[in-house]
Amino acid sequence: MNKLLNIYHLSLEYPNVSGAEHLELLSIRDQLAELETELNSEEQTILSKADQTLLTHATVIYQELSRFINLADYRKNRIFHRKSGGGI
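In the working numbering, the protein residues as written are 1 to 88.
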């Protein structure tokens, strides 16, 4: 299995972690989005199920992220960096 997918999939089994860990989890998901076409059908199924788990835990994840960072500012900075060609 793809290493990032394995980390993402296993990390979602523990929704009650810090905002920093959730931020890292979402960063891994961003990386997986870029690799999605390279995943085989089994990996794509695992990714889909993991995404469903993410949605199931969205409230908890959002609350923990909100304690860790200002999400509005974070989104603005990410959009700016993407448009200017910079990384995170």
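No wet-lab data here; the hints were simulated from the structure. Just so it is clear, the structure is predicted and the values come from calculations on it, not from any experiment. There may be inaccurate statements among the hints.
Claimed, not checked - Here are the simulated lysine to aspartate or glutamate pairs, EDC-like style, with alpha carbons at most 16 Å apart:
1) K76 / E43
2) K49 / E21
3) K49 / D73
4) K3 / E43
What the hints assert, rightly or not - DEER-style ranges, computed between Cβ atoms:
5) I7 / N77: 33 to 39 Å
6) N2 / K76: 29 to 35 Å
7) Q52 / E24: 28 to 34 Å
8) T45 / R75: 27 to 33 Å
9) K76 / S41: 22 to 28 Å
10) T56 / Q31: 19 to 25 Å
11) A33 / D73: 20 to 26 Å
12) E38 / N70: 15 to 21 Å
13) D73 / E42: 35 to 41 Å
14) S66 / S41: 17 to 23 Å
All C-beta atoms, glycine included, are put in the ideal place defined by N, C-alpha and C.
* Asked: What hint numbers does the structure not satisfy?
  -> Those not satisfied are hints 1, 2, 3, 5, 7, 9, 12 and 14.
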